[in-house]
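Enquirer: Make a model of the complete structure from these sequences and hints.
Chains as they are written, first to last, in our numbering: chain F, 1259 to 1586; chain B, 320 to 855.
Simulated from the structure, these hints should not be mistaken for laboratory data. Glycine included, C-beta positions come from ideal geometry on N, C-alpha and C. Errors might be hidden in some of the hints.
In silico DSSO-like cross-links for lysine-lysine, where the CA-CA straight-line distance does not exceed 27 Å [what the hints assert, rightly or not]: (1) B:448 with F:1436; (2) B:791 with B:806; (3) B:622 with B:527; (4) B:448 with B:791; (5) B:536 with F:1436; (6) B:690 with F:1436; (7) B:806 with B:781; (8) B:622 with B:806; (9) B:622 with B:673.
Here are some chain B residues the structure puts well away from chain F; computed CB gaps all over 12 Å [unchecked claim]: (10) 367; (11) 566; (12) 635; (13) 654; (14) 774; (15) 850.
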Amino acid sequence: MTRALILLRRRLIGSVFVLLIVVIGTFLLLEAAPGDAVDAYIVSTGGDAGMIELLRHRWGLDQSELTRLANYLWALLHLDLGQSVTFSRPIRDVILERLPNTLLLMVSATALSFGLGSALGIYAGARPGSVRDRVLSIGSLALYAVPGFWLGLVLIVVFAVDLRWLPIGGIETLASDKTGLDRAADIAIHLILPVAALGFIYLALYLRMMRAGMAEVWRQDFVLAARAKGLSRRRIVLAHVARNALLPLVTMLGLQSAQMLGGSVVIESVFSVPGLGRLAQEAVAARDTPLLLGIILVSAVLVVVINLLVDIAYAFLDPRVGAGEADA
Amino acid sequence: MSGFNISRRTMLAGSAMLLASTAMPDIGWAQTPKKGGRLVLAADSEPRNLNPAIVASNGVFFISSKIVETLAEASFDGKDGLAPRLALSWEGAADGLSVTFKLRDGVKWHDGKPFTSADVAFSALQIWKPLQNLGRTVFKDLASVDTPDDLTAVFKFAKPTPFQLIRNALPALSSVVPKHIYEVGKIEDNPANNAPIGTGPFKFGEYKAGQYYRLTKNTDYWGKDEPYLDEIIYQVLPDRTSAASALEAEEIQLAAFSAVPLADLDRISKVPGLKVISKGYEGLTYQLVVEINHRRKELADLKVRQAIAHAIDKEFVVKTVFLGYAATATGPVPKNDPQFYTADVPTYPFDVAKANALLDEAGYKKGPDGKRFTLKLLPAPYFNETKQFGGYLRQALAAIGIDAQLVNNDSAAHIKAVYTDHAFDLAVGPPVFRGDPAISTTILVQSGIPDGVPFSNQGGYKNDALDALIAKASETLDTSARTDLYKEFQKEVAADLPLINVAEWSFISVARDTVGNIANNPRWAVSNWADTYLAG
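Expert: Pasting the structure below:
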């Protein structure tokens, strides 16, 4: 059995428990919030006592909390996420419809912040203390300090309202009937602003980590050895310093994925992207407990999988990390 | 393409233009309606059920009123404020036991089947009466619907029911759905609830959750040459600021239901090509009301309630909270209602000194810290304006020595706290006036309503005289006698203050000036838009 597989098996067993705790915790939290799905629903309709009783019965809200939790877990065992009361549709379908949009947004934003962040970090860290280092550090910190929704709104005002270069929101042109490459290009254009808004915030993090990592690696003996060998500065930076400084960033990538999911709630609302984050927000407002549980479950699985991939990547990137040592 | 918006640019365009633009009404300015085009507008919510016969609410009507039609629609100049839709005429019997509707001939459902009186009978008996949020009250005594022929429906009531009430209920409560679609299976689970089939000028096209609804032209519509538009797209824009940006970027052409916040209206009205319209919502008036929990000893005292009424500067509220887009209120019927409103009620002019004197009289002297007592104040979170008024009310009460502590909840939590748990002293609510006090207004002050019913008297208020008045009005058949009783009702409410009516407001539309025939009826945003068109 390979190292990766051992790691995988051990992680999977742990993950099941993590997910169970997440589900039960979320259920209890949502139960503790005042008002149920019927209360949320009648805000826009009103209704008499008979109608309200009828709704509670239809939506199964007249059962005790324990019964509902037990029913939910039992259905979950059969891989059934249940029915959404707000959408009157199977939750699996509702989530699957939105998941690709959120994944697209997250992956693109992560690629942007990780790629550009580490590249700029190398650029800045290659000459610590120089003007370019300072400008980049301050600039990225300023971006990091900006709230995501504000950055999003500014991008909309400048690029969509004033310049009209890009659409103000949505994932694709409405009811356009585009297919194939046309549609892909359309989606890409719609993603530019939200990806920028989400990605730029985390860019600073990677930039500063990369830069700090490089500063540390510079002082290592093997760099001295490389210089003594007479290697060019460019080669030292790229092949020796940057490569070693990259390792902590990979760890960060896994941790950051959960944060990115949180950040997408705001960005999806600002840019009207029909994704999981916005859906979660709507589910909370509507007290649609099974829908929110479904979203959290899927998000948790996503984070677990990403971290698993990071661990595996780590095992390959850094020969010192073996399955055996992971026990420690 | 100028002509109807009185924007800054038009004003500067020369004196002739200035004359023309001020002399012409900004609505209904005669332009030749043009055929075709796609109207894209903002939608801020996605209703779970699009069947207006089951869910009579503005959020549902906004989309489905174009697909499913009612027997009659509200009108600025029609008799009794109505214009015919699926019914051509309606006649109430003198004994209040029946109402006869003559139906429109040659109307077809979107699936091609003919529309008949059987559909009306089915909708009324199987849906409005047992399932509809408002119909369950108004049609509770409906016993049967006779259909002597395909174009006549006779509603039979078990108890005398005022014709005036039925008439006033038509625009909102009488959506007719096809019997042949709904008689199979459970009505609540019918797929047509999510993809409605009606007789309206537009057919349901598709719905992409979180993105848009698409309605397409019904080429077989009964209205001659109607509809003008080929398509209507409702773009889902969840963020409060999106609609204004989308209008400016010309991605949408219309934002109704105040999707553009009041604070942005001044700026947006100066954008060339956009117009701000406050007409077309006269039939959808919201009331800003202070709900009172009469279980609190202090609030059970009329003097204290009067003091609170005197402490509120209604003019100031209209000017600052609503930026002028509202009117001050005198009682439980809004000023813009043509049938029932009376100004002849006790009023409470803004007078802090008098309010303080009333509280002293009531025996609640100021303590050493300047406070008389503490209250829990829950502003409803559904509108910006209800939240802002909550902040204002706290200050206004502080001025008379009442320490109000704000409790902010989200919608579900607010509904539970106020209407089920009664965990409030004062609440700020936005009840809707629906054209007749018996539909959703008397319930705000009537006693004996079970716990948990939203937008009803959950403040423990009980006034036998008022209850008797409400009961009498509900069985009074003569229109003018009934109207007088509701004038009496307004006086009694204003005198005894079971709740305090502060202001009345409605919504604002912002549109490109290419959108024609906007706001040409009192429920325009929730009407069928058969005559709406896009010029240029």
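Enquirer: Confirm or reject each hint.
Expert: Outcome of the hint check:
This hinted pair does not check out: residue 448 of chain B and residue 1436 of chain F have alpha carbons roughly 45 Å apart, beyond 27 Å. Restraint check: the Cα-Cα separation between residue 791 of chain B and residue 806 of chain B comes to about 13 Å, which is no more than 27 Å; the hinted pair holds. With a C-alpha separation of about 55 Å, the suggested pair residue 622 of chain B and residue 527 of chain B falls outside the 27 Å cut-off, and the hint is violated. About 22 Å separates the Cα atoms of residue 448 of chain B and residue 791 of chain B, which keeps this hinted pair within 27 Å; it holds.
Between residue 536 of chain B and residue 1436 of chain F, the direct Cα distance comes to roughly 21 Å. Compliance with the 27 Å bound is thereby established for this hinted pair. Straight-line distance between C-alpha atoms of residue 690 of chain B and residue 1436 of chain F comes to about 66 Å, which puts the hinted pair past the 27 Å bound. Between residue 806 of chain B and residue 781 of chain B the alpha-carbon distance is near 19 Å, which keeps this suggested pair within the 27 Å criterion. Restraint check: the Cα-Cα separation between residue 622 of chain B and residue 806 of chain B comes to about 23 Å, which is no more than 27 Å; the hinted pair holds.
A hinted pair counts as satisfied when its Cα atoms are at most 27 Å apart, and residue 622 of chain B with residue 673 of chain B qualifies at roughly 11 Å. With a closest Cβ-Cβ approach of about 5 Å to chain F, residue 367 of chain B is found to fall inside the 12 Å limit, against its non-interface label. Its beta-carbon lying about 9 Å from the closest one in chain F, residue 566 of chain B breaks the requirement of being farther than 12 Å from that chain. Separation of residue 635 of chain B from chain F is adequate, the least Cβ-Cβ distance of about 28 Å exceeding the 12 Å criterion.
Separation of residue 654 of chain B from chain F is adequate, the least Cβ-Cβ distance of about 23 Å exceeding the 12 Å criterion. For residue 774 of chain B, the requirement that its beta carbon stay farther than 12 Å from each beta carbon of chain F is not met, with the minimum near 5 Å. At roughly 23 Å from the closest C-beta of chain F, the C-beta of residue 850 of chain B stays outside 12 Å, upholding its exclusion from the interface.
In summary, the numbered hints that this structure violates are 1, 3, 6, 10, 11 and 14.
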